[in-house]
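Q: Each chain, letter by letter, is given below.
There are 2 protein chains.
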Amino acid sequence: MNAHAWAEVLQIDDGFRLDDVDPDSTPGYRGRKADGVHDLKKGIEELSVLQERLFAESRVGVAKDAVLLVLQAMDSAGKGGIVRHVVGGVDPQGVALTAFKAPTQEELEHDFLWRVAKRLPEPGFIGVFDRSHYEDVLIGRVRELAPAAEIERRYGAINDFEADAAASGIRILKVMLHISPEEQKSRLMERLERPDKHWKYNPGDVDERLLWDDYMAAYQTVFDRTSTPAAPWHVVPANHKWYARLAVQELLLAALQGIDPQWPTADFDVDAEKKRLAAS
Amino acid sequence: MNAHAWAEVLQIDDGFRLDDVDPDSTPGYRGRKADGVHDLKKGIEELSVLQERLFAESRVGVAKDAVLLVLQAMDSAGKGGIVRHVVGGVDPQGVALTAFKAPTQEELEHDFLWRVAKRLPEPGFIGVFDRSHYEDVLIGRVRELAPAAEIERRYGAINDFEADAAASGIRILKVMLHISPEEQKSRLMERLERPDKHWKYNPGDVDERLLWDDYMAAYQTVFDRTSTPAAPWHVVPANHKWYARLAVQELLLAALQGIDPQWPTADFDVDAEKKRLAAS
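Residue numbers (the working numbering), protein chains in the order written: chain A, 1011 to 1290; chain B, 1011 to 1290.
Just to be clear, a hint being listed does not mean it is correct.
No copy labels: a pair is met if it fits in one copy or bridges any two.
[What the hints assert, rightly or not] As a list, the in silico DSSO-like pairs of lysine-lysine whose alpha-carbon atoms are at most 30 Å apart:
#1 LYS1284 x LYS1128
#2 LYS1207 x LYS1195
#3 LYS1251 x LYS1051
#4 LYS1128 x LYS1051
#5 LYS1207 x LYS1284
#6 LYS1128 x LYS1285
It is worth saying that the hints were derived from the structure and are not from the lab.
Let the sequences and hints guide you as you build the complete structure.
A: The structure is reproduced here in structure tokens:
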């Protein structure tokens, strides 16, 4: 299956129900783990070439395109692994990664999109949001961090914001990594069992876990309200880490293939420069 | 040779003369290219583990250490390759890369260190400057972009700035990649001969190349005036790309080994959390 066809399989449709997705499934891919690991390595090369071309176009000022990968998920679903093993495969010079934490006091004094707008990728870059403005309608909703009317307002504000970003040349790729609560329990338990993983564990993770159904309902509302043609959502089953990484890589490939960046042609006289250089 | 001994070989001494460095040499390393490529791969693993520990310490708030790699060089000396093949080997989550361009109007309205201070790495991060505040005493001096008295002032200002940064916990590692003018000519010619490399070529590169001796003199002054115990300079012969990458990796390893980050111990009751998680 090519990257575009795969992207379509993972892109959610009208009437999409998160409940219907099996976190153990591997939609669009018939291979098993060993195949997936092999294909991930192969895909990195293609991704790297496309990324370099995108970067090159922007360096000489002929491109306005960028890609923005938005990653959302419950704790331990594998966002970090995507960043390391997929995004980490391309040249760091062309990547703009932002890990959004709980907002600072200064950030809280502005609209929730203020800090996000500042981190949109410039032309030529692959921007990656590890968490994002969606936290403001996920934990924001579940934990009632803002009045209900404000939460309601945010869905529309997000759609307007993303439509503007898309119009400016940013291909927005929104991904929810979907794990089962059983898989999360096993991953969190591993963090507790390994002293070198204790730093990744936070007692608050269990508090959020106890609200699993509320979070899934908040995600469903996000999908219902903010999956737009300009910025569609993709739900990636993520109980198999190898599959999730491969799938996100394919989504990035499809986005870059859609842009189809080309090596820029020289805006100088190549032969004249060769002579000048030879004489120098 | 271990990383510390190697770092000492590359760190410049009192009385250091750039003229005495052979850009073709491979100080501290007896192997050849195939060995170097192999050792680079091996070193990435050690670097990754140390980097993850550094990052882990900061995530739980027990560390104040960071590393800052400052890369300076003539065009085509291989800064980009260092970023891609050395820095690119560690988890992007722990890297803060800044490529400094010609200053914007807003940046010009501030002191030359204003934009640099904002990009110092936070605890837990490896910061990388691809070009830096040293441009302000390199091209700044050669092209007389500021009055002579202001250029003079900057050396002291840099030392004070870097001493403060070091005191706050940032290990500063300053590296000049040193190529010969003949090697640069050959690399620039390759960029002209390959259409997929044209975007990396800029006619201005030849203009700067014609001022080679002036640049070398400006670098010598930088070394004389700004190599301090808190922020020493290292000159890495860079005609062999494989050597330069390996050497910078060793410098990073030495810096991280000096910090000696440890997996943080849990600040929660592990057994109690296991029970709470099991019951969830």
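Q: Go through the copies and call it for LYS1128 and LYS1285: within, between, both or neither, with a Cα cutoff of 30 Å.
A: neither (44 Å within a copy, 42 Å between copies)
Q: Give the relationship of LYS1284 and LYS1128 under a CA distance limit of 30 Å: within one copy only, between copies only, both, or neither.
A: neither (41 Å within a copy, 40 Å between copies)
Q: What label fits LYS1207 with LYS1284 when the C-alpha limit is 30 Å: within, between, both, or neither?
A: The answer is between: 14 Å across copies meets 30 Å, while 55 Å in one copy does not.
Q: As a check of your reading, is LYS1128 near LYS1051 (CA-CA no more than 30 Å) within one copy, between copies, both or neither?
A: neither (32 Å within a copy, 36 Å between copies)
Q: Within a copy, between copies, both or neither: where do LYS1207 and LYS1195 come within 30 Å Cα-Cα?
A: within (15 Å within a copy, 49 Å between copies)
Q: Under a CA distance limit of 30 Å, which applies to LYS1251 and LYS1051: within one copy, between copies, both, or neither?
A: Cα proximity of LYS1251 and LYS1051: in one copy and across copies (14 Å, 24 Å).
In summary, the structure is inconsistent with hints 1, 4, 6 from the numbered list given earlier, while agreeing with the others.
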